[in-house]
Amino acid sequence: MSGNSLVLPIVLWSRNAPTHCISSLLVMEDLATIITGSHDGQICIWDMTPELEINPRALLFGHTASVTCLSKASAGSEKQYLVSASESGEMCLWDVNDGRCIEFTKLACAHTGIQFYQFTIGTQREGRLLCHGHYPEILVMDATSLEVLYSLVSKISPDWISSMSIIRSHRTQEDTVVAVSVTGILKVWIITADVSRMQDMDPVFEEESKPIYCQGCQSISFCTFTQLSLLVVCSKYWRVFDAGDFSLLCSVSSENNQSWAGGEFIAADKVIIWTEDGCSYIYKLPASCLPASEHFRSNVGKKTEGSIPPLVYSIADQADKQLLICPPVTRFFFGRREPFHKLLMQGDSAGRLTVWSIPDGSPPIQQLTSATELQVSVSISLQEAFDKLLPAPAGIIDQLSVLPGSNEPIKVTASVYIPSQGRLVCGREDGSIILVPATQTAIVQLLQGEHMLRRGWPPHRTLRGHRHKVTCLLYPHQVSPRYDQRSLVSGGVDFSVIIWDIFTGEMKHIFCVHGGEITQLIVPPENCSTRVQHCVCSVASDHSVGLLSLRERKCIMLASRHLFPIQVIKWRPCDDYLVVGCSDGSVYVWQMDTGALDRCVMGITAVEILNACDELVPAALDSLNHPAVNLKQAMTRRSLAALKNMAQHKLQTLATNLLAADNADKGNLPKYSHNSLVVQAMKTNVTDPDMHVLFFDVEAVIIQLLTEEAQRPNPTLVSPETLQKTPGGADKGGSFLANKIFKQVKETIKENIKEHLLDEDEDEEEEQRRREEKSKSLSLLEYNLTMDTAKLFMSCLHAWGLNAELDEVCVSRLGMLRPHTPISFGLISRGGHMSLMLPTFKDSLLRALALAQGAAEGRKLSVSEVVGKGTYGVSRAVTTQHLLSVISLANTLMGMTNATFIGEHMKKAPARPPRPGTPETQRKSSTQTSSPALQGQIKQGWSQLAAMHCVMLPDLLGLDKFRPPLLEMLARRWQDRCLEVREAAQALLLAELRRVGQSGRKDTIDLWAPYLPQYVDTVSSPGTAPEAAPQVPPPVEAPPTETKVPEEEMDVTDDDITAGKALTFLLLQPPSPKLPPHSTIRRTAIDLIGRGFTVWEPYMDVSAVLMGLLELCADAEKQLSKICSRKRKPSPLVMNPLVLRSRY
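Read in order, the letters of the sequence shown correspond to residues 1 to 1144 in our numbering.
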């Protein structure tokens, strides 16, 4: 989906919690949020109360490898930022409150540790990230842009840094970075104010380098209580050093072959040390390590090995804990604000968090002979949190998967969604495959209605053929239209691959060529040979790869000599090669036509072969330029396909070039997905059952609703030709489908004629018509799917429980359904990074509502009230996305005829069963004859719905629970390409500016104004702040220019100058990949110049502005034809010269 699209995810988690094998752990400074990173790449956010109750809130997706380290990236409490790094070099900056990805980057090196460092320049505070890992330096990065500014480098014995600590000095302006390399050499760097300001300058070398002989250092920590001691923990011993001259004060060896994993000071005289197997010990330091003692430094230079200090507490792991697949992660945190908890936290591979609260005092003296065992304060895992929920979290087809006598549904192990038919295909653990309408099964799981009383709803089809678990599903026609749209391919643990006819449910063929379970099904690329183009590639756990022909019903190639598991499959169609990469780094090159192994290579050659497969070299051009070389290669490699296709490639070259030139002229307007709903199966680990994310593309829903409205049959329709010539079709955006609609309507009328006039052949015709309906997608079916999608979407997003009268109108008139469970929403942010709310978020929500309204009253909230108050009380970014979606869709439905989810028009598709609805409305006549009064009530209902969400929501919800929309997100959509979303964004932005008042508007201007001058220099930077900067202040100022008296305009002269220059620069900047000629940001600049022309005029070159507008309008006809073909109204840039001329 396009990054500019407004896409909202809704998650159906199922009863099985996702695997979360914890690899890193962090607690935010307020001790209210815990962050855990996993070996599978996900990050989990947990909420913690002052009473140490822990509840998982959200799961963040974005990393493709194990998360190696986490760190805070901000010091303020109002905005909590988190930075994460993975084994593959990825770094992400997240907003902890809503899980939004603020920035991301990828480096060539992997970090193992990150620490946040803040310094002050004048009155401004800036943050830096100090990173170390598998490279011989410390990288210093900007905490907001993730850019590497400079590095701390070693002159003497440079090596990887194993651990690092920052020593803040309150006496001087110099801070110290102390690090220990993997060879046991201690390094010291001094960071002054001048060094902190450095950017892209020479590296900073160390001030001191001293061998301390600490091999395999695990952690180094500075004593913040005395600021005079350093604790260095190695795998076999831990040591305390003087922080001044790094003299050894104390050394303690491990006992019983334990391996220390880390440690921390918990008081001036106590340290806590933990082991790799999860045990922890609290030691009281000897007097020689305590600066307050008269014996301080008394042991310097003396042998201190073997003297073990007294053990105060021991914290042993639970003996009955299940066998863990990797060592647990242990960290110590103490609160700097109330409550001053000292917490030891541990996360293990089962996704369990265990917390111990460390007491301040020591145990009674009589107990010092044996260490006191500390009891666990709280312990929770994701699965335990899921099990506590009532009702249990729903899976996508739970109502169809519960066996008699069992409470647990059959797990879904593989899924594929077919958007053209709106059907979801789910393979299950018992080997069966279920075909079900996606919107209907989602309605069952989320919304109340008559369907809750029906068993086996919605109508579905079951395919049985596999003996055990279905491991993968593929619908080839969705990937490439060259495949038959009837074919569905499934693979299972029974070593078989089965071809199904999804319209009849018939099993077409079974392939049994592999010797292991099928792990993957892949579609070959387009430019393969004709024979391979009708194959699918299957990968099995016995390290074999097969090419299975769906047309010939046989295996045309089986590559089974691989010694190690297969990691990657790549193609080299121009050479007729299939390239297989294995986990040991070896690469096998197979000839697809003959099935012969061409070569097996390793090392750098293997890497080069895999990289060469990614090069996009057109086969036709390659054949034309080097025919002799290709002929020689084909003869040498015995490639029959290459010999056969050489002549064909040459003949196709001219046509290919002409098509490429034609496509290049068609413009580069961003494309949107035509699928209003996409269901994506996801799993955090290969062993997990599927969870399903429903992605609603708001723009696509609006387009499909308008298209259906445009092609709605008119009662005065005489012939299909009149429909084709209807003048309103182009205005509604339906003209781009005119030919398709015309053919479909024509076929429909033909079928109706046959049905009514040819009674003697009724049975044969009925059977034939049923087959045709199964094999093609009629517009009526698409229309049904569109309305179902809108019904599900609006029912989930509406703020139920805030206005009882409007809720009744929504149910009775508009046909919406109330949710019967709190809905887990998601948020898609930069680069496709995604935050998904866990179903347990409602516990935190109930607790917050109970605190706000009193414990006795809060616990009595109905589900719909929880949904309404929770949806818009989660975060500002989620509120922005939801309000934009609700208002734009409500306005679209308000402009449609008969825009209700009740009635005959919801069940016109003959192949689908009746939709659930109220009995009274089901008995009514056709909706086309509905009264104008009813139409008026429906339109009024949508109008009230939009007004409530746009204006009244803060008052109804209460400002303490309402999270207001983000102005910068609304400003980015001020000139969105979708007109309905654009109007919703503008209405929301103006309403929010009115709500915050003059002081709020002034604060917004002060916040964003500093970005305006820099924006002129960094227009092409990919950062988020510069992109939003020129858009936010002008809308803020635009309303006051209409409402303020003229005398007040002089108060913002400086902002006028900078904003006007920035808008002019955006308009006149030459087109580039970062700033296309017809982008949202350029349209916004043009629109704001027109709106506030009297304000900007003194500070801009009017003739240059007019020339820029005329240049953009020079190709207006060409652009308008593209926009109209994409169902868009003309861009406002065409009208702006006239507006400017009239105002000038």
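Since the hints were made in silico from the structure, they are not lab data.
Misleading hints may appear alongside valid ones.
[As the list claims (entries may be wrong)] Keeping only pairs whose Cα atoms sit at most 25 Å apart, straight-line, the calculated DSS-like set for lysine-lysine is: (1) K342 <-> K411; (2) K284 <-> K236; (3) K210 <-> K155; (4) K388 <-> K411; (5) K508 <-> K570.
Each hint tested on the structure:
With a C-alpha separation of about 41 Å, the suggested pairing of K342 with K411 is violated against the 25 Å cut-off. For a cut-off of 25 Å, the pair hint linking K284 to K236 stands: about 19 Å separates their Cα positions. For the suggested pair K210 and K155, the alpha carbons sit about 12 Å apart, so the restraint of at most 25 Å is met. Taking the CA atoms of K388 and K411, the gap is near 19 Å; set against the 25 Å cutoff, the hint holds.
For a cut-off of 25 Å, the pair hint linking K508 to K570 is broken: about 28 Å separates their Cα positions.
Checked against the numbered hints listed earlier, the structure breaks hints 1 and 5; every other hint is satisfied.
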